[in-house]
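Engineer: Next come the chains, spelled out residue by residue.
2 protein chains.
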Amino acid sequence: MGPILSASQLPGRLYGISVGTGDPELITLKGLRYLREADVVAFPSGRHGQPGIAEQIIAPWLAQCQVLLALEFPYVQDETVLQVAWKKAATEVWTYLKQGKTVAFACEGDVSFYSTFTYLAQALHHHHADIPMEIVPGVSSPYAAAAALRIPLTVWGQRYVVLPALHQLHELETVLAWAEVVVLLKVSSVYSQVWQILRQRNLLARSWVVERATHPNQVIYGDLSDRPTLQLSYFSLLIIHNSPPH
Amino acid sequence: MGPILSASQLPGRLYGISVGTGDPELITLKGLRYLREADVVAFPSGRHGQPGIAEQIIAPWLAQCQVLLALEFPYVQDETVLQVAWKKAATEVWTYLKQGKTVAFACEGDVSFYSTFTYLAQALHHHHADIPMEIVPGVSSPYAAAAALRIPLTVWGQRYVVLPALHQLHELETVLAWAEVVVLLKVSSVYSQVWQILRQRNLLARSWVVERATHPNQVIYGDLSDRPTLQLSYFSLLIIHNSPPH
Numbered sequence: 000m001g002p003i004l005s006a007s008q009l010p011g012r013l014y015g016i017s018v019g020t021g022d023p024e025l026i027t028l029k030g031l032r033y034l035r036e037a038d039v040v041a042f043p044s045g046r047h048g049q050p051g052i053a054e055q056i057i058a059p060w061l062a063q064c065q066v067l068l069a070l071e072f073p074y075v076q077d078e079t080v081l082q083v084a085w086k087k088a089a090t091e092v093w094t095y096l097k098q099g100k101t102v103a104f105a106c107e108g109d110v111s112f113y114s115t116f117t118y119l120a121q122a123l124h125h126h127h128a129d130i131p132m133e134i135v136p137g138v139s140s141p142y143a144a145a146a147a148l149r150i151p152l153t154v155w156g157q158r159y160v161v162l163p164a165l166h167q168l169h170e171l172e173t174v175l176a177w178a179e180v181v182v183l184l185k186v187s188s189v190y191s192q193v194w195q196i197l198r199q200r201n202l203l204a205r206s207w208v209v210e211r212a213t214h215p216n217q218v219i220y221g222d223l224s225d226r227p228t229l230q231l232s233y234f235s236l237l238i239i240h241n242s243p244p245h
Numbered sequence: 000m001g002p003i004l005s006a007s008q009l010p011g012r013l014y015g016i017s018v019g020t021g022d023p024e025l026i027t028l029k030g031l032r033y034l035r036e037a038d039v040v041a042f043p044s045g046r047h048g049q050p051g052i053a054e055q056i057i058a059p060w061l062a063q064c065q066v067l068l069a070l071e072f073p074y075v076q077d078e079t080v081l082q083v084a085w086k087k088a089a090t091e092v093w094t095y096l097k098q099g100k101t102v103a104f105a106c107e108g109d110v111s112f113y114s115t116f117t118y119l120a121q122a123l124h125h126h127h128a129d130i131p132m133e134i135v136p137g138v139s140s141p142y143a144a145a146a147a148l149r150i151p152l153t154v155w156g157q158r159y160v161v162l163p164a165l166h167q168l169h170e171l172e173t174v175l176a177w178a179e180v181v182v183l184l185k186v187s188s189v190y191s192q193v194w195q196i197l198r199q200r201n202l203l204a205r206s207w208v209v210e211r212a213t214h215p216n217q218v219i220y221g222d223l224s225d226r227p228t229l230q231l232s233y234f235s236l237l238i239i240h241n242s243p244p245h
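Sequences listed follow chains C and Y, in order. Mind the numbering: the first sequence is residues 0 to 245 in numbering that gives the first Met the number 0, read in order. Mind the numbering: the second sequence is residues 0 to 245 in numbering that gives the first Met the number 0, read in order.
Simulated from the structure, these hints should not be mistaken for laboratory data. It is possible that part of the hints are untrue.
Derived coverage of chain C by chain Y (criterion: at least 3 residues anywhere in the stretch with Cβ under 8 Å from a Cβ of chain Y; other residues may be distant) [unchecked claim]: (1) 86-92; (2) 136-143; (3) 158-168.
Cβ atoms here follow ideal geometry from the backbone N, Cα and C, with glycine treated the same way.
Based on the provided sequences and hints, a complete structural model is requested.
Structural biologist: This is how it looks when you write it as C-alpha cells:
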C-alpha cells in the first residue's frame, strides 16, 4: 500500500477552463472533457443571489457526483480586499488539490484574458509551486460579439486594440488616431462620453454595442446614431471600426 | 409538389465555423454540431500538397456522406489575384447553396479575426444578398499561445494590441511606448529586427514565441535572450509583456 498512499499524496491537477461567453455550446470539446472529468468544479460565485455567467454556462454539463465550489471574488478595485479574497479562494481549492483531487476552474470568456483565474493560480503557486496545471483556451467576448453581429472583427493588416477600461477619455482619442479596430470592454460607465467622441469623428454608423454576447439575454445595438445614452450592464462591449487617417 | 419545389429553391444556409488553432478538441460544441450537420464542408486548400490547418482539425469529425470542398486562396498580397480567387470560391460555394444545401466553411482560429471567410462571404453577398448566414466564434491563436505557455495574456487594465503584420519597425516602438501587452502575428519575416528592439528595451525575458499553437507540431520559445534569429513558420506569433513607462 505504500506506493499507492504516496501517489495519492501528490497534489491533484488544476485546470483553468475557458467556458466561453454565455451560450453553453460555445465551450470547447477539450474544456467540456476536463470539466466532466474533474472531481471538483470551481467557479466565481454570482451576485445578488443569481448564478454567475460561468456557473450558468456549465450547469447543463455537470454530473451529480461532482463537488461544486463557488468562490467569492468581490467586484471591487481595492487590491487589499482582492488579495484577501484570492488567498481565501486558493485555500479552498488547495483543500481538494492536496487530497489528490482534480479541480477545474470554469471561467467565462478566455481564461488568459483579464481573468480571475490568473489571480487564483498566482495565489496557489505562491504557497504550492508544484501544482500541475493545464489551461484550456476558449471563446472571448470580442469574437462572440463580432459573430453575433455577423461582422468581421478585423481584416487584412488592421491594427487591433482592446481597452479593458477607459479611465481617461483622451486615451480613446490617442488610439483612434492610430488603430483601425478598437474594442472597449466594460463600456457601461463611460458610454455617453464615448458616444460624443464617436459622433465627432463620424463613427457612430461603424460602431456597435453588444451586451452579454451569446447569452440568452444578449442585446445588440447595431446603430448608435440615435443613442447618446444607454443603460448597459457590466458585460457590455463596444466595437469601433475606425477610419484610419492614412 | 409546387410548395416543396419552391422551398427547395431557397438558398441553403452558410456557416462560418471557427475551428480553433490546431488541436481538434479546441472546436466548440456548436461548431462541431454545425460542421456535422452540413451537406458540404468547405475549407482553404493546403499548400504543397499538404492538408491545411483547418482541414487537419476537422478531419476526425467528418462523415463519409459529406461533400468536401477545398477552396483555393493564394498566399499573395496582390488584391487583383485575390479578388479572382474569392469570386471563384464564392461561385463554387454558390453551386451548392442555390440547391438548398447547407455549406459550412471551416476556418482556423476565429472566423472574424483576419480570416479568409470574410472575403468569401463578401464575394457571395455581392451577388446573392439574401443568403442566410451564421457565424460560430472560436479559439484564436493569442489565447491558444497563452494557454500553451501557461501565462496570462492580459490582466487588470492592461492595454492590449495585436499587430497582424509589421511593415515598419518604428510602429512597434510606438506601440511599446503605450501598450502593456503586444502580440505580433506572422512574426517570422521580421523576427530578428524585433529581437533587437526587445533587447534594447530589456524585454527578451518577458517575450515568447509560439509556432503553430496547440497543433501537434507546436514549438514554444520561452526565453528569447539567446535567440537573435529563429527560423519560424508562417503561423508563428510573439507575445510581449511590456513594462509601461508610467
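Engineer: Go through the numbered hints given earlier and state which of them the structure violates, listing their numbers in rising order.
Structural biologist: Of the numbered hints given earlier, the structure breaks just one, which is hint 1.
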